[in-house]
Amino acid sequence: MRSSLRFVSCLALLAATAIVGRGAPASRVMAAAELAQFGGAVLVGDNEVFAGESANQFRAGTVYVYRKVGASWMEAMQITGPASAVGDGFGASLALDGATLFVGAGSSAVHVFNKQGANWTFASTVSATSVPAPASAATPAPTAPPAGAPVANQPTAPTGPRFGNAIAASGDWLLVGKELAGGRGRGGPISAAPGQGRAGNAPPQPAGAVYAFKRGANGQYAYHSTIAAPDAAASAGDRFGSAIALAGGTALIGASGQSSGAGIVHEFAVDTDGTWKTQRTFAPVGAQPNAAFGSALTFVNDQAVVSAPGESG
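So the sequence shown is residues 662 to 974, counted in our numbering.
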């Protein structure tokens with residue numbers, strides 16, 4: 662953990678030093694890095710450090726790869742997505758499984774890269790459109806306004822499930838969290854009763870979910886199933902799927918908004934028939950509201966490290 666934190670700090674300092682060296686004030690450098698979300702997703706593995714920059718306003722999303730040269734970490738290469746474009750969100754999330762790198766591109770796709778020699782090369786794309794939309798998500802045909810009534814600009818309805826900011830991979834499995842209502846930051850439950858939404862008529866938001874993809878014999882990942890919270894009363898405010906950790910056939914899924922924002926972690930295991938089944942849940946004893954336990958997850962050997970960024974305020 663200490664090594665990972667040092668890597669993250671080095672990345673931020675590396676970016677600041679590079680631009681300050683060109684004459685830009687440090688405050689402006691840090692503001693620019695924050696807007697571009699450099700380091701918004703950071704991954705350490707196989708003697709490399711990966712830093713995503715998904716929100717640069719002047720160029721496509723980029724993942725920077727750093728390797729150690731002597732006593733210093735140096736940029737080795739930059740990775741961009743296929744058909745990259747400004748605002749593509751590439752680098753919003755990262756996952757690594759051996760020589761396979763997974764890069765989230767906003768809410769639309771996860772791109773897969775394989776390591777060949779010292780380079781990471783694009784292999785395939787897992788698209789959000791491959792997830793079947795639930796029947797309840799069907800959008801009714803719009804009705805014509807009354808004659809003479811002003812025509813207002815209508816927002817475009819979503820075309821189907823959207824990927825979120827959590828991905829994890831292990832073996833043949835890739836798990837992708839569903840985009841959650843109300844953003845991805847920490848906080849308590851999000852709820853909207855009928856007639857009480859922002860627009861005065863917003864229905865309750867659907868509960869979170871995790872989409873499971875499995876790699877086939879052709880090396881491509883295909884949609885397999887949707888993992889849902891075991892609690893029948895789950896809601897979007899529970900933030901189920903906002904964080905995922907995966908090792909072998911065991912998955913930990915954070916629900917950082919559950920129990921008035923105290924948070925909880927659900928454990929699932931894949932059965933012999935390929936079905937993901939709930940095993941147990943866990944949370945700290947005496948967790949307080951808004952602790953947001955389960956906001957971030959990772960496996961360290963046989964232990965789970967779980968963040969609770971709202972603990973003690």
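These aren't lab readings, by the way, just hints derived from the structure by calculation.
Note that beta-carbon positions come from the ideal geometry of N, C-alpha and C, so glycine has one too.
Check before you lean on any hint, since a few could be wrong.
What the hints assert, rightly or not - Simulated crosslink set (DSS-like; lysine-lysine; CA at most 25 Å straight-line):
(1) 729 - 776
(2) 938 - 875
(3) 776 - 875
Unchecked claim - Quick list of the computed label-pair ranges, beta carbon to beta carbon:
(4) 746 - 823: 29 to 39 Å
(5) 961 - 744: 30 to 40 Å
(6) 936 - 972: 33 to 43 Å
(7) 930 - 883: 13 to 23 Å
(8) 732 - 867: 45 to 55 Å
(9) 933 - 878: 13 to 23 Å
(10) 745 - 881: 19 to 29 Å
### Task
May I ask which of the numbered hints given earlier this structure violates, with the numbers listed in increasing order?
When the structure is compared with the hints, only number 4 turns out to be violated.
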